[in-house]
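Chains A and B are the protein sequences, given in the same order.
For the record, in the first sequence the residue sitting at position 403 is 403 according to my numbering, with numbers rising by one throughout.
For the record, in the second sequence the residue sitting at position 25 is 25 according to my numbering, with numbers rising by one throughout.
Treat the hints as calculated values from the structure; they're not laboratory data.
Hints are supplied without guarantee of correctness; some may be wrong.
To be verified - In the EDC-like style, the derived pairs of lysine to aspartate or glutamate whose C-alpha atoms are separated by at most 20 Å in a straight line are:
id: 1; chain 1: A; residue 1: Lys195; chain 2: B; residue 2: Asp34
id: 2; chain 1: B; residue 1: Lys4; chain 2: A; residue 2: Glu316
id: 3; chain 1: B; residue 1: Lys43; chain 2: A; residue 2: Glu316
id: 4; chain 1: A; residue 1: Lys312; chain 2: A; residue 2: Glu328
id: 5; chain 1: B; residue 1: Lys4; chain 2: B; residue 2: Glu36
id: 6; chain 1: A; residue 1: Lys291; chain 2: B; residue 2: Asp64
id: 7; chain 1: B; residue 1: Lys77; chain 2: B; residue 2: Glu50
id: 8; chain 1: A; residue 1: Lys195; chain 2: B; residue 2: Asp24
id: 9; chain 1: B; residue 1: Lys43; chain 2: B; residue 2: Glu19
id: 10; chain 1: A; residue 1: Lys230; chain 2: A; residue 2: Glu328
id: 11; chain 1: A; residue 1: Lys195; chain 2: A; residue 2: Asp285
id: 12; chain 1: B; residue 1: Lys4; chain 2: A; residue 2: Asp184
id: 13; chain 1: B; residue 1: Lys4; chain 2: A; residue 2: Glu191
id: 14; chain 1: A; residue 1: Lys195; chain 2: B; residue 2: Glu19
id: 15; chain 1: B; residue 1: Lys77; chain 2: B; residue 2: Asp24
id: 16; chain 1: B; residue 1: Lys43; chain 2: A; residue 2: Glu328
As the list claims (entries may be wrong) - Covered stretches of chain B (chain A as the covering partner; in silico rule of three or more C-beta atoms under 8 Å from a C-beta of chain A):
id: 17; region: 5–15
id: 18; region: 54–68
id: 19; region: 77–86
Glycine residues also receive a C-beta, built at the ideal position from the N, C-alpha and C atoms.
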Amino acid sequence: MTYIHGLRCRECGAEYPHEPLHVCDQCFGPLEVVYDYAAIGRAMTREVIESRPRNLWRYRELLPVTCDPVVGPYSGFTPLVRADRLAAALGVAELYVKDDSVNHPTFSYKDRVVAVSISKAIEFGFDTVSCASTGNLANSVSAHAARAGLNCFIFIPDNLEQGKIIGSAIYGPRTVVIHGNYDDVNRLCSEIADKYRWAFVNINLRPYYTEGAKTYGFEIAEQLGWTLPKHIVVPTAGGTILPKIAKAFQELAQIGLVSGPLPKVYTAQAAGCAPVVHALHRGSDLIEPVKPNTIAKSIAIGNPADGFYVLKAVRESGGWGESVSDAEIVDAIRLLARTEGIFTEPAGGTTVAVTKKLIEQGRIPRDESIVISVTGNGYKTLEAVSASVEAPFVINARLQDFDQLYGSLAPPPRRAIGRE
Amino acid sequence: MPVKVRIPTPLRRFTGGSEEVGADGATVGAVVEDLERQFAGIKERLCDEEGRVRRFVNLYLNGDDIRFLSHLDSATKDGDELSIVPAIAGG
Numbered sequence: 001m002t003y004i005h006g007l008r009c010r011e012c013g014a015e016y017p018h019e020p021l022h023v024c025d026q027c028f029g030p031l032e033v034v035y036d037y038a039a040i041g042r043a044m045t046r047e048v049i050e051s052r053p054r055n056l057w058r059y060r061e062l063l064p065v066t067c068d069p070v071v072g073p074y075s076g077f078t079p080l081v082r083a084d085r086l087a088a089a090l091g092v093a094e095l096y097v098k099d100d101s102v103n104h105p106t107f108s109y110k111d112r113v114v115a116v117s118i119s120k121a122i123e124f125g126f127d128t129v130s131c132a133s134t135g136n137l138a139n140s141v142s143a144h145a146a147r148a149g150l151n152c153f154i155f156i157p158d159n160l161e162q163g164k165i166i167g168s169a170i171y172g173p174r175t176v177v178i179h180g181n182y183d184d185v186n187r188l189c190s191e192i193a194d195k196y197r198w199a200f201v202n203i204n205l206r207p208y209y210t211e212g213a214k215t216y217g218f219e220i221a222e223q224l225g226w227t228l229p230k231h232i233v234v235p236t237a238g239g240t241i242l243p244k245i246a247k248a249f250q251e252l253a254q255i256g257l258v259s260g261p262l263p264k265v266y267t268a269q270a271a272g273c274a275p276v277v278h279a280l281h282r283g284s285d286l287i288e289p290v291k292p293n294t295i296a297k298s299i300a301i302g303n304p305a306d307g308f309y310v311l312k313a314v315r316e317s318g319g320w321g322e323s324v325s326d327a328e329i330v331d332a333i334r335l336l337a338r339t340e341g342i343f344t345e346p347a348g349g350t351t352v353a354v355t356k357k358l359i360e361q362g363r364i365p366r367d368e369s370i371v372i373s374v375t376g377n378g379y380k381t382l383e384a385v386s387a388s389v390e391a392p393f394v395i396n397a398r399l400q401d402f403d404q405l406y407g408s409l410a411p412p413p414r415r416a417i418g419r420e
Numbered sequence: 001m002p003v004k005v006r007i008p009t010p011l012r013r014f015t016g017g018s019e020e021v022g023a024d025g026a027t028v029g030a031v032v033e034d035l036e037r038q039f040a041g042i043k044e045r046l047c048d049e050e051g052r053v054r055r056f057v058n059l060y061l062n063g064d065d066i067r068f069l070s071h072l073d074s075a076t077k078d079g080d081e082l083s084i085v086p087a088i089a090g091g
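Looking at chain B on its own, in the form it has when it is part of the complex:
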């Protein structure tokens, strides 16, 4: 079972409307590469030219913000859940 990736509304046009897709990779960065292989163009929405995650994108691995883990080098395994969430703020 690959990594389950939750896709927010603005990105579903890349995934044919799917809100959850599977992707393979040993790290979050590798999972993003696999998403790009499956759904061309999606990586540019998530990462800038230097390959860093864009300012207004949050990536959560099993509920943890990857910035508290190892960013794109955070290790992933089968069955993990990666959520892509556009940044929204307070209340």
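Isolated chain A, as found in the complex:
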């Protein structure tokens, strides 16, 4: 059963068949999947969804696959954490963290888009999958390719954290490091995709790949009891996830699974790479590329091709956006870890820090529900915070030494900050 009509250009509306295409011949705009929402609405009820396994394929009618999926059986359906201690620290009433730092198998939201695009690669008959990546995507593609028995090539820039490089290589792909930044890697891969006819999950399979991001939004709605939050803050790199989360909420409303006003959506970027926020603040549609300079490497994309759609989604929802310094990002990683026990990477720190900033600016009201989007795991980017954790105490293995140490310490700070 397929609910896919075909592909359509997001810019000029030109139509294309259901094939591995990503760019409009007429205007070079991006293509997106077109669905038969009437048929989907008849097939997808809350009961049907709730009866399915707790993974992202729960929402399969709204995903662009036509065969039974063979990858990602444990991906998605990550925790939506009610964050009361962080809420108290930020001075708000109702706060949640959608925690993709524990996504399966590679601990980032990328497992969603990769599960969908590799399923599609298999449907289309490709035997080699590939990607251009800042790290999390390469980890995910390598892992899913290994489990699916596919050949794999990954392309990464030369300034990535060690954890991310090893975290891809371990699954056995061919790893190619490019001298340059992510945008250089992207450009080269576009040319390789043209020439070698491989399934580049984020290039020639892009329209199918991006649809996987919607599952992040579907889950939030389901986990809130089929209601929508009032505000959601999302990190922006290339600009894929924010518009698709907005689309997810719209689709659920369209097929009658949720009702009520759509959430205000806010974009979060690092000050050292904030081309979308700059355009937003200027009131412009034109995004000027920047050269990234930030510890938030997973969102360090100076030329975000979907940036225009981020601006559109933010403005249509009545949201806003902010950028934060590297120091604010690190502080936010610590704050989230110390209040909620969630250790996120700098992209997540950016989102927490921007949420804090938007609350302090009065942009996000303190008495409405807020979701913070965490998309990756801090264990992969230890370098970013290694200078920011307190040095441990070091003693010999004698009780009296510990007694002496403990006696010398000031009483531990009150931890129950919600109960001051």
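Given the structure of chain A, go ahead and fit chain B onto it with the hints provided.
Frame of chain A, contents of chain B only:
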């Protein structure tokens, strides 16, 4: 030796299937004009009515995005490489 221009798949029907062609011009804008003289219709894919590069087209001169140089006024010389790349995004 003129400027080497790398042509992406969607534009190869203008160049008879060629993925690399030569073009002359002292600036990127002049090179685009020369491409139009050789392969009629190609300029409209790259630039809008006001002559600005379309939103989803990236032009790289010797690996540098021309938006970091002087846009269509960026100076070109023989042997330079101009890549036309449709915009694609993150990972």
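Going through the hints against the structure:
no. : hint                 : result
1   : Lys195/A to Asp34/B  : violated (25 Å)
2   : Lys4/B to Glu316/A   : violated (42 Å)
3   : Lys43/B to Glu316/A  : violated (33 Å)
4   : Lys312/A to Glu328/A : violated (27 Å)
5   : Lys4/B to Glu36/B    : holds (15 Å)
6   : Lys291/A to Asp64/B  : holds (11 Å)
7   : Lys77/B to Glu50/B   : violated (25 Å)
8   : Lys195/A to Asp24/B  : violated (26 Å)
9   : Lys43/B to Glu19/B   : holds (16 Å)
10  : Lys230/A to Glu328/A : violated (25 Å)
11  : Lys195/A to Asp285/A : violated (33 Å)
12  : Lys4/B to Asp184/A   : holds (19 Å)
13  : Lys4/B to Glu191/A   : holds (15 Å)
14  : Lys195/A to Glu19/B  : holds (10 Å)
15  : Lys77/B to Asp24/B   : holds (9 Å)
16  : Lys43/B to Glu328/A  : violated (45 Å)
17  : 5–15                 : holds (count 4)
18  : 54–68                : holds (count 10)
19  : 77–86                : holds (count 3)
Consistency note: the structure conflicts with the earlier hints numbered 1, 2, 3, 4, 7, 8, 10, 11, 16.
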